[in-house]
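A.B. asks: So the chains spell out like this:
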Amino acid sequence: MADLLLEVRDLHVAVAENEILKGVDLAVSKGEVHAIMGPNGSGKSTLANVVAGKPGYTITAGDVLYSGESILKMLPHERARAGIFLALQYPVELPGVRNREFLRAALDALRESRGEDKLGVREFNKFMEAKAEELGLEPAMMKRNVNEGFSGGEKKRNEILQLVVLDPTLALLDETDSGLDIDALKIVAEGVNRFRGPEKAIVLVTHYQRILDYITPDFVHVLIDGRIVRSGGRELALELEKRGYDWLREEAQTGAAQTA
Amino acid sequence: MTQAVATHEQYEADFRKLQEARSADPDWLKELRNTAFAHFQEIGFPVARKGNEQWKYTDVRKLAAETFPYDTGAAAGVDAAQLFPFDDGMARVAFVNGRFSQELSTPLPDGLVAMSLAQAYAEHGEDVQRHLARHAAYADEGFTALNTAFLADGAFVLAEGVVQTPLHVVYVTTERVVTHPRTLIVGRPTSELSIVESYVSATGGAHFTNAVTEVALEEGAQVTHRHLLVESREAYHIANTRVHQSRDSVYRSLVYEAGGGLVRNDLTVLLDAEGAEAYLKGLYVTCGKQHVDNNINIDHAKPHGYSRLYYKGILDEQSRAVFGGLVMVRPGADKTDAHQEDKNLILSREAEIDSKPALEIYADDVKAGHGATAGAIADEALFYMQSRGIDPERAMLFLVRGFVSEILDSVTIEPLRNWLEERTTQALPRFREVA
Ligand SMILES: Nc1ncnc2c1ncn2[C@@H]1O[C@H](COP(=O)(O)OP(=O)(O)O)[C@@H](O)[C@H]1O
Ligand SMILES: [Mg+2]
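As given, the protein sequences belong to chains A and B, one line each in that order. All residue numbers for the first sequence refer to this note's numbering, where the first residue is 1 and numbers rise by one. All residue numbers for the second sequence refer to this note's numbering, where the first residue is 1001 and numbers rise by one.
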């Protein structure tokens, strides 16, 4: 496989005593867009969070490799510096931390780790304001505290602003589409499509196939009850839209019963 | 002979010496000192014991058992630019080891009288007599009685009109001494004044500051009072500030504490006429074995008063902080609107806060609320910042700065705000390497 970027191998993850991921395999190469779909509670966010290094999960078996190396021992900021980015399903409010300062500190940290010079304040502001405008974010939002008092849609667009400013290699987008009206959805999709490229990979976690009308995935995986029960192309998402998840859930259950 | 007896004898000897040395002072002042010292001898230092709610969490036995030299003479070589660089552009009245320092003091702007109290007894006797020791009662307060017994020098500040230039009253301690700083601030009707009252050490060692400040706001006067306690981590600091508000006066206060080993700060604001407004903010930053106790009383005695109290604390290592806040709405203080809130950020499992805001309401048609919170930095917030490439220490620093911004953003004097922001994070060892 050419340019394999992310490899999830037989990943088992538990929170407290509950096993949430029960053996997930996933291989994402540069240039690809993978959609992970599944009903609520199936483990989609868990998968994305574990790749980004969020604490609170126990990896009971399996491995996550990035550029061929296991990253499970790396801290979240080390993973970010390696090129991994997670757009959160529920972006966090940071009281008293201004959006612009936050983004600048993040970019400084990433550039420094890559051995690049920090951008000057004016240069950074110009760059960031141009990106914000593309996403329809008012310049005033950059002076506000991160996500504080933002509408749902503003929070999601702010995540995408971070994506395009920080310019990672692997983007994990966790339900970035939820809570967006159709206009906002288009703007967000345009942002993601501009980011997309032969050197980039995207894992798009979503509950609905709607966003896939704007961001065409190369692969679609269905995660149910902690397992990927089916993988396919774009057409799988359309089938899910027509038929829902229940038929796959039933299939998975009979399949599991048969294996047992 | 127990140590406590020895320290009392030391205070007594120093007191006699002072009375002799200042025999030329006005009679009323000498009498005041005598009365106050008699009270101190009777009641001594407050004891942390059951039933004494005011001193329940703060134990001053160690302080009471130590003796400190008194009035060792003026020290030279105080580096103002290094100790308080934030007062650029302010007028300054300075004291070193309890004595007025002409050398460190600067000329004053129009409409402002600020001088050594020793000088004010003669030049502003009427104002001094009307207010000095009238607001800070000493009969039941051991520390205030002791301060009043040693009332000799101090700062007298009189705002006669709208004063544009902020005034800095600074008390510097350079060695192991006891000082009893006394500050009297009087705001004439409709005057406006911005004052910074600060306590700094030019030594890293122990000393004892026993300060009393009285603020008298006449009708419609406005005072913005920033009270900075940034002494050595070995210092004992006892502060008692009493504010008296007349009709339509506005008192704005910021208490900033990032220093001192044992700190007890009492602030009582008496809204003694209709339409008075008080806005009290505070920030305490503690680490190591520091103990910082804030005891804030807002006393609504008349109708239509308005008060807002918002204190925040950051506690690290094994430090301990106490917040005792009482909003009292007295009978007849109808249509009072009061709110107090204390929020704490706990950075270490070993740090401890006792936060007890309380309300006592005896009037009608009152709006009042209070709240207290204490919590760690949210893991979610830390992860979010880390997931953007920011290392955990820097992420913490951002969140701490964010936490204090709600308090420090109200400081409109930019050099001061910058200094306070810097001092806040530098006061915490975990951030020294990060910034
Ligand atoms: N921190 C947690 N503590 C307890 N249970 C959790 C936690 N995180 C996730 N879960 C549980 O794991 C399951 C999968 O959650 P999640 O990964 O958020 O699913 P999805 O994103 O697909 O909706 C759910 O049953 C959820 O309740
Ligand atoms: Mg989810």
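Hints are computed from structural coordinates only; laboratory data are not their basis. Treat each hint with caution, since some may be false.
What the hints assert, rightly or not - From the derived model, a few chain A residues whose C-beta atoms are all more than 12 Å from chain B:
1) P95
2) D108
3) D117
4) I182
5) R227
6) D246
Stated by the list, open to error - List of simulated lysine-lysine pairs, DSSO-like, C-alpha gap at most 30 Å:
7) K54/A to K1335/B
8) K73/A to K131/A
9) K155/A to K1367/B
10) K242/A to K54/A
11) K54/A to K200/A
12) K1056/B to K1030/B
13) K1335/B to K1289/B
14) K1056/B to K1356/B
15) K143/A to K1356/B
What the hints assert, rightly or not - Derived, one-sided and incomplete: chain B residues facing chain A with beta-carbon distance under 7 Å:
16) H1304
17) Y1306
18) I1390
All values reported here derive from a predicted model rather than from experimental measurement. Cβ atoms here follow ideal geometry from the backbone N, Cα and C, with glycine treated the same way.
A.B. asks: Now look at each hint and say whether the structure bears it out.
C.D. replies: Going through the hints against the structure:
1. The claim that P95/A lies off the interface is violated: its Cβ sits roughly 5 Å from the closest Cβ of chain B, which falls inside the 12 Å cut-off.
2. Here D108/A does not stay apart from chain B, with its beta-carbon only about 9 Å from theirs, under the 12 Å limit.
3. Non-interface call for D117/A relative to chain B: holds, since the shortest CB-CB distance, roughly 16 Å, exceeds 12 Å.
4. The non-interface label for I182/A is consistent with chain B: the shortest C-beta to C-beta separation is roughly 28 Å, beyond 12 Å.
5. With a minimum CB-CB distance of about 26 Å to chain B, R227/A clears the 12 Å threshold, and the non-interface call stands.
6. Interface exclusion of D246/A from chain B stands, the closest Cβ pair being 33 Å apart, more than 12 Å.
7. Simply put, K54/A and K1335/B have alpha-carbon atoms about 51 Å apart, too far for the 30 Å limit, and the pair is violated.
8. For a cut-off of 30 Å, the pair hint linking K73/A to K131/A is broken: about 33 Å separates their Cα positions.
9. At roughly 35 Å between alpha-carbon atoms, K155/A and K1367/B are farther apart than 30 Å, so this suggested pair is violated.
10. The suggested pairing of K242/A with K54/A is violated, with an alpha-carbon distance near 34 Å, which exceeds 30 Å.
11. This hinted pair checks out: K54/A and K200/A have alpha carbons roughly 22 Å apart, not beyond 30 Å.
12. Taking the CA atoms of K1056/B and K1030/B, the gap is about 34 Å. The hint is violated against a cut of 30 Å.
13. The hinted pair formed by K1335/B and K1289/B fails the criterion: a straight-line CA distance of about 43 Å is larger than 30 Å.
14. A threshold of 30 Å between alpha carbons decides the hint, and for K1056/B with K1356/B the separation of about 12 Å falls inside it, so the pair holds.
15. Distance hint between K143/A and K1356/B is unfulfilled; the C-alpha atoms sit about 35 Å from each other, more than 30 Å.
16. The interface hint given for H1304/B is broken, as the beta carbon of that residue sits about 32 Å from the closest beta carbon of chain A, more than 7 Å.
17. Using the Cβ-Cβ criterion of 7 Å, the hint placing Y1306/B at the interface with chain A is not satisfied: the shortest such distance is roughly 25 Å.
18. Of the supplied interface hints, the one on I1390/B holds, with its beta-carbon coming within about 5 Å of a beta-carbon of chain A, less than 7 Å.
The structure shown violates the earlier hints numbered 1, 2, 7, 8, 9, 10, 12, 13, 15, 16, 17.
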